[in-house]
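Listed below are the residues making up each chain.
Number of protein chains: 2
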Amino acid sequence: MALPSEMKALLLVGDGYTRTPSAGALEAMEPYLRPGSVALPTPGPTQALIKVNLASINPSDVAFIKGQYGQPRVQGRPAGFEGVGIVVATGSDPYAKSLEGKRVAFATGVSNWGSWADYAVAEAASCIPLLDTVRDEDAAAMIVNPLTALAMFDIVKHEGDKAFIMTAGASQLCKLIIGLAKEEGFRPIVTVRREEQIPLLKGIGAAHVLNEKAADFEAALREVMKAEQPRIFLDAVTGPLASAIFNAMPKRSRWIVYGRLDAEPTIIREPGQLIFQHKHIEGFWLAEWMRQFRDRLGPAVLEAQKRFSDGRWSTDVTTVVPLDEAMARLPAELAKPNGKVFIKP
Amino acid sequence: MALPSEMKALLLVGDGYTRTPSAGALEAMEPYLRPGSVALPTPGPTQALIKVNLASINPSDVAFIKGQYGQPRVQGRPAGFEGVGIVVATGSDPYAKSLEGKRVAFATGVSNWGSWADYAVAEAASCIPLLDTVRDEDAAAMIVNPLTALAMFDIVKHEGDKAFIMTAGASQLCKLIIGLAKEEGFRPIVTVRREEQIPLLKGIGAAHVLNEKAADFEAALREVMKAEQPRIFLDAVTGPLASAIFNAMPKRSRWIVYGRLDAEPTIIREPGQLIFQHKHIEGFWLAEWMRQFRDRLGPAVLEAQKRFSDGRWSTDVTTVVPLDEAMARLPAELAKPNGKVFIKP
Chain A
1 MALPSEMKAL LLVGDGYTRT PSAGALEAME PYLRPGSVAL PTPGPTQALI KVNLASINPS
61 DVAFIKGQYG QPRVQGRPAG FEGVGIVVAT GSDPYAKSLE GKRVAFATGV SNWGSWADYA
121 VAEAASCIPL LDTVRDEDAA AMIVNPLTAL AMFDIVKHEG DKAFIMTAGA SQLCKLIIGL
181 AKEEGFRPIV TVRREEQIPL LKGIGAAHVL NEKAADFEAA LREVMKAEQP RIFLDAVTGP
241 LASAIFNAMP KRSRWIVYGR LDAEPTIIRE PGQLIFQHKH IEGFWLAEWM RQFRDRLGPA
301 VLEAQKRFSD GRWSTDVTTV VPLDEAMARL PAELAKPNGK VFIKP
Chain B
1 MALPSEMKAL LLVGDGYTRT PSAGALEAME PYLRPGSVAL PTPGPTQALI KVNLASINPS
61 DVAFIKGQYG QPRVQGRPAG FEGVGIVVAT GSDPYAKSLE GKRVAFATGV SNWGSWADYA
121 VAEAASCIPL LDTVRDEDAA AMIVNPLTAL AMFDIVKHEG DKAFIMTAGA SQLCKLIIGL
181 AKEEGFRPIV TVRREEQIPL LKGIGAAHVL NEKAADFEAA LREVMKAEQP RIFLDAVTGP
241 LASAIFNAMP KRSRWIVYGR LDAEPTIIRE PGQLIFQHKH IEGFWLAEWM RQFRDRLGPA
301 VLEAQKRFSD GRWSTDVTTV VPLDEAMARL PAELAKPNGK VFIKP
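Residue numbers (the working numbering), protein chains in the order written: chain A, 1 to 345; chain B, 1 to 345.
Read the hints as simulated data drawn from the structure, not as lab findings.
The reader is advised that the hints may include incorrect statements.
Since the list gives no way to pick one copy over another, a pair counts as held whenever it fits inside one copy or between any two copies.
Straight-line Cα separation of at most 35 Å, DSBU-like style, residue types lysine-lysine; simulated pairs [stated by the list, open to error]:
no., residue 1, residue 2
1, 226, 8
2, 344, 102
3, 8, 162
4, 102, 202
5, 97, 251
6, 213, 97
7, 344, 226
8, 51, 226
9, 51, 251
10, 344, 213
11, 251, 102
12, 213, 102
13, 251, 175
14, 251, 157
15, 8, 157
16, 97, 202
17, 336, 102
18, 251, 162
19, 202, 175
20, 306, 213
21, 175, 344
Remember, predicted model here, so these are calculated numbers, not experimental data.
Working from the sequences, and respecting the hints, build out all of it.
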């Protein structure tokens, strides 16, 4: 296939990180993105060039284009952390070459060259060859949430205890994990910020749902910790809530940070617990997990594709916005509740 | 050997932790210890009963009897974290039984039944059978500092990088580690609080010595981090100093906390580093290391004994105080600079 020399993309306006953090919603496109044409990128030795079929939009994308995600922006590069498409060129690495011509779900966190464009660049290790039975709408949004859910639940399963705890319990990611956990008899404990989220989450399989805004939260937390003894803490929030949870956890607990929804300082309340209770603090980033645990990635990827193929999982689509119309339409489409918004080049 | 039914000991006055922390020095004995007689303890299945020849006094003992160490006190039990003596009885576990009659260095952190007494109880795994060539004075103080130094330097060696960083660089422990590191061509970076400590520590092998009180400390820290890229941080201090160091360290760094000299809050400045830079925060406790790394313990123990046998290491003795005189004499003896104070039952 002959490739063009130029391509259209939504390009980052800012560089590095912002100094003026703003809220999570995307109030307008212009401060952060501009439509443009750039030279078609060349994949590095271990990378793939992908003709994008469909790209998804996640909260982490919005944080990133605003410069408030943990990776620095590069001005003038395309945005977009994931998508689905056809591999049209690769580097010289044998695994990368093996992807040539394949339809893949891909993530661009490591390559830092985004999916909101005609073509994207991803590390071959961040590309997932797809079964024909997986729709583009499911594949384009398969990595950031579904595969992360499977990877994080895999960590829980490897640790062995049935009980574990998560902040931001009402997020799409946590709901997926709760569902997986319920099927296998695990006991997720989650925190939420609104009372009305409690029955919903209990309904899908949460063993305990704690309202972090309730007056008796710390007492309820201690009681649940004592009864359930969870040793894995999957944390999207940090700040004082996460500090309190980690402090109340038993010996040999692992605080696994994967998000930073609270900008308040994150304090280790009792550093002595690290010494005498063998507690750990670490992070989770899917790109790193995919690199480190190739043997565990394969089964997780197959599981995600099976679930999307047989309908156990299905992505709710709000809208598919053509790349040309994205500047005008994205903020309003993203403001609609539920469902996912996609960009189609 | 017929064992007595009672024994003399220095017994803990307080229980659990204190609510009114005080300074590191031992200003008086009476608030914390009382001399007394208690029934001879019976070792548990995996434990040994040791007739104490000599017990040492470490800063961690003083913190512990005051209730400001990370383990809770049990009122009425003997104090004292380490010593040397003869195993006179054991539990039924085969490894414990194999120690019967042997002269051992021992640590009581796990058994929580101390060495400042005629007899002590230690886990068999916390007992080290001794070569005849090791003096009691060296054996009684062999675990808390020398073996910890070897264990922590073993962590550095396993990580592989030549450069590493330590707080409280002028401590006895850090000086031992600096000496070990120099012999094997490693590059220790240490922080100190007084300018006059810098030439001494450079003289024994520190690659860089940073004065944490200097006005340009953070700039100097950043420069050294950039040049040396240390990934292991052995931290006795916590608080703002440790937060600043961890924040300045490169990808895949490990902050290993083993002490808490600063009571100020310990903040994780950039939790995003845990996610995207794969940084970790953990603790080090020798008792746990001895349990987890039995294969690495053997060589470390042999190395410590060789160094004490051939004179490369030697414990400076300030005084040996008879157990009967300890209440009256310990505070004044401990106030003397350098050297170690021992208790002889």
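Under the constraints set out in the numbered hints, which ones does this structure not fulfil? 1, 3, 4, 6, 7, 8, 10, 12, 15, 16 and 20
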